[in-house]
Amino acid sequence: MQLLNQSIAQMLDFAAPILLASLGGVISENAGVVNIALEGIMRFAAFFGVWGSAVSKNSWVGLLWGIGIGILVGAFHAYITVKWAGDQIVSGIAINVMSLGIITYFLELIFRTTGYSPSVQYFGSATNRINLSFLSKIPVLGAFSRLTIFVWFSLVFTWGLHFLLYHTVLGLRIRSVGENPIAAETLGVNVFKIKWFSVIIGAIFAAIGGVALSLGTMASFNNTGVAGGKGFIALAAMIFGKWTPFGAMWASFLFASAQVLQFILQATATGIAAQIPVGFYLALPYILTIGALIGVVGKAIGPAADGVPYKKES
Amino acid sequence: MKEFFYRIFVGRREKYWWMNLLVPLVSIFLALIVGAIFIKSTGRSPILAYKLLFNASGLIPGPFWRSSFAELLLSSSMFIATGLSFAIAAKGGLFSIGAEGQFIVGAVAAAYFGYAKPFTGLSAIVHIPLILIMVMFLGGLWGLIAGYLKAKRGIHEVIVTIMLNWIAFQLIEGWLVPTGGPMSAKVETGVSGTPYISPTAKLPIILYNTRLNISILIMIVVVFLIWYLLYRTTFGYEIRAMGFTSIFNMEAPKVSGVNTSKRIMQIMFISGAVAALGGSFIVLGILFQYPPVFEGGYGFDGIVVALIGQNEPFGIFLSGILVGALRTGSTAVQIARIPKTFPQIIEGLIVAFIALQVLVRYLLFKLVKAKKRVKEVKSEGGIS
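The listed protein sequences correspond, in order, to chains A and B. Count the first sequence with our numbering and you get residues 1 to 314, in order. Count the second sequence with our numbering and you get residues 315 to 698, in order.
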């Protein structure tokens with residue numbers, strides 16, 4: 001039972017950053033703006049989170065710094081793609097590439113290193129975790145007894161985003177902008193405002209996911225390991241989940257479960273299984289994802305006007 | 315996620331064709347200026363940084379020009395390969411992030427056919443083409459997986475290419491190459507990577523006393539072939555039609571009888587083959603083995619190269635040289651206490667300005683029109 005609870009907790013820990021970032025993708029793409037910059041935003045936020053935490057000795061300040069840089073990068077993306085109808089993929093790639101250069105530059109400038117930042121106050125420390133010790137003895141629910149704040153963020157935001165998109169007027173407007181901006185404009189929706197809003201909120205989600213990578217279970221920024229492709233996995237989870245919050249959640253959970261399964265299989269392998277090279281175990285989550293796509297999920301159809309720059313007729 | 319690329323070249327007007335050349339050049343110029351401001355604002359010297367960067371880049375003749383020029387072309391050939399790989403898929407309306415995985419598949423295949431017993435007895439004239447063909451075939455198959463799943467199952471190519479990158483990476487570095495793996499060299503201690511390739515597999519040197527080999531010549535041919543394929547054949551016409559209409563589910567080409575699912579598979583095969591060719595260059599021309607730890611990134615940099623080159627084969631050739639130059643010069647900027655990832659800031663800024671090309675074009679047109687008006691006023695003044 002202990003192992004089950006531990007595994008679920010581990011899975012949730014692993015899924016949280018991916019889920020948060022893919023929620024960012026969900027809201028942005030529902031408003032018709034492709035956000036391939038998730039990876040870059042996560043990287044910016046992960047670094048600024050550590051920087052903020054190092055400066056203030058307080059991990060909450062780190063989180064705020066991360067969100068702040070997330071808003072800035074999101075605004076940059078929105079300025080190019082919404083204001084100037086720039087190509088959304090090109091803008092996203094620009095952010096990803098710049099994040100590699102700029103963060104290494106800052107890492108060297110501030111911490112005098114190009115590898116790991118020094119350790120800082122983080123959310124995974126015993127005092128900062130969310131303690132629900134009364135759950136700890138119950139199977140399955142016990143997994144929720146000592147999680148980091150980010151897991152709770154990811155779960156609450158999934159529900160919140162679902163509510164926003166499908167049960168509020170604003171959500172209807174967001175989706176209408178992503179499906180048919182011209183029709184939305186005709187009905188008096190301010191397409192540009194909606195797009196700006198969605199991109200910025202999406203960037204905030206991705207930024208929180210980024211901070212989760214550096215201040216969640218770790219306490220420092222690892223220049224080669226963050227975001228290490230998690231932003232792209234989040235992108236895949238979003239498409240896998242058919243551009244819906246709960247879809248993204250199940251996709252993230254599937255992927256994270258496959259990762260945890262891989263750890264368990266590798267650790268408990270005996271006999272012939274122990275002879276299987278590590279590479280096969282490590283490749284397993286990705287193979288399972290493709291397998292799940294072939295077997296279960298059909299064709300992925302996104303918002304109709306996703307990725308198409310919107311220009312007002314003048 | 316619908317397709318987005320038609321933006322890049324829709325809106326092309328014959329009258330202002332030079333705009334398509336000018337926009338990347340202006341973007342590069344603006345990126346260098348913003349990069350300088352960035353360095354200055356952190357209290358370091360932009361002049362020193364750029365001096366070091368471009369002196370070592372191989373673009374400007376100088377004391378060690380010969381070797382840096384060779385290094386520049388050597389790395390450019392790989393960037394051009396991955397850039398072309400991305401661009402072919404993009405021309406057909408597909409967004410392939412798979413060049414990274416196809417690149418390492420190509421590299422590991424090149425290493426295998428370079429050292430494996432039955433092939434080492436061949437002479438170089440037979441051995442090298444054989445390796446390149448096998449590399450392109452295997453890389454093409456790796457790309458074809460994504461093409462097949464897209465065409466037959468409708469699975470989004472972005473997910474599949476991302477997953478295939480990781481699968482390739484984990485299988486190669488977690489199974490094939492590490493100590494004890496089927497392709498590892500048998501040594502007593504330490505990590506080794508694969509055995510070294512036979513001398514007959516090494517690409518011939520074309521510039522005496524440097525590492526410059528025929529890879530750049532191969533890429534010139536490939537660039538021309540891809541251009542020919544895209545603009546002078548029915549096949550190219552069809553895939554461009556698919557790219558232009560991809561936001562409308564490629565309905566127009568489908569109606570006019572294009573077998574789009576077959577074309578998608580062919581595009582992905584070619585895309586994979588070209589990226590893998592780039593991967594073979596790093597093994598056959600630089601490392602001569604697949605190392606235990608592979609410094610990757612060429613696949614993702616290829617996207618940048620393709621975007622700066624506006625997805626046009628000849629544009630990619632030039633932007634590949636630019637990115638190769640920035641990377642060749644990157645180690646030198648460390649003397650100015652600037653990390654060697656600095657060129658990535660410049661590359662990112664160039665791409666950002668390319669994304670902002672609506673604004674850049676707008677400003678350029680304004681400039682042109684203002685000049686014209688001045689001319690008109692002047693000539694009128696002359697007459698009167």
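Note that these hints are calculated values from the structure, not bench results. Certain hints may be false.
Stated by the list, open to error - Quick list of in silico lysine to aspartate or glutamate cross-link-like pairs, EDC-like style, CA-CA up to 20 Å: (1) K83/A - D13/A; (2) K654/B - E108/A; (3) K466/B - E565/B; (4) K312/A - E179/A; (5) K311/A - E108/A; (6) K354/B - E185/A.
Stated by the list, open to error - A few chain B residues that face chain A, going by a derived Cβ cut-off under 8 Å, partial list only: (7) I411; (8) L463; (9) R467; (10) I476; (11) L485; (12) T493; (13) A499; (14) V501; (15) A650; (16) I668; (17) L670; (18) L673.
What the hints assert, rightly or not - Reference excerpt, derived from the structure (chain A facing chain B, CB under 7 Å, subset only): (19) W84; (20) V90; (21) S91; (22) I93; (23) A94; (24) M98; (25) T104; (26) Y105; (27) L109; (28) G160; (29) L164; (30) F232; (31) P277; (32) L282; (33) Y286; (34) I290.
Because the structure is a prediction, the values reported are computed rather than measured. Glycine included, each C-beta is placed from N, C-alpha and C at the ideal position.
Comparing the hints with the structure gives:
1. K83/A - D13/A: violated (37 Å)
2. K654/B - E108/A: The given pair, whose Cα atoms are some 11 Å apart, holds under the 20 Å limit.
3. K466/B - E565/B: Holds: K466/B and E565/B sit about 17 Å apart, inside 20 Å.
4. K312/A - E179/A: holds (16 Å)
5. K311/A - E108/A: Given pair K311/A, E108/A is violated - Cα atoms ~41 Å apart, limit 20 Å.
6. K354/B - E185/A: violated (44 Å)
7. I411: holds (7 Å)
8. L463: holds (7 Å)
9. R467: holds (6 Å)
10. I476: With a closest approach of 5 Å, the I476/B hint holds.
11. L485: holds (5 Å)
12. T493: violated (11 Å)
13. A499: Since chain A brings no Cβ nearer than about 17 Å to A499/B, farther than 8 Å, the hint is violated.
14. V501: violated (18 Å)
15. A650: violated (12 Å)
16. I668: Interface hint status for I668/B: holds (6 Å vs cutoff 8 Å).
17. L670: holds (5 Å)
18. L673: Since chain A brings a Cβ to about 5 Å from L673/B, closer than 8 Å, the hint holds.
19. W84: Status holds, d = 5 Å.
20. V90: holds (4 Å)
21. S91: At about 4 Å, which falls below the 7 Å cut-off, the nearest Cβ of chain B leaves the hint on S91/A intact, so it holds.
22. I93: holds (6 Å)
23. A94: This interface hint holds because 4 Å falls under the 7 Å limit.
24. M98: holds (3 Å)
25. T104: Holds, about 4 Å.
26. Y105: Check passed: Cβ of Y105/A comes within 6 Å of chain B, closer than 7 Å.
27. L109: holds (6 Å)
28. G160: This hint is violated: G160/A lies away from chain B, its Cβ roughly 23 Å from the closest one there, beyond 7 Å.
29. L164: Violated: closest Cβ of chain B sits about 21 Å from L164/A, beyond 7 Å.
30. F232: holds (5 Å)
31. P277: Status holds, d = 4 Å.
32. L282: holds (4 Å)
33. Y286: Check passed: Cβ of Y286/A comes within 4 Å of chain B, closer than 7 Å.
34. I290: Holds, about 5 Å.
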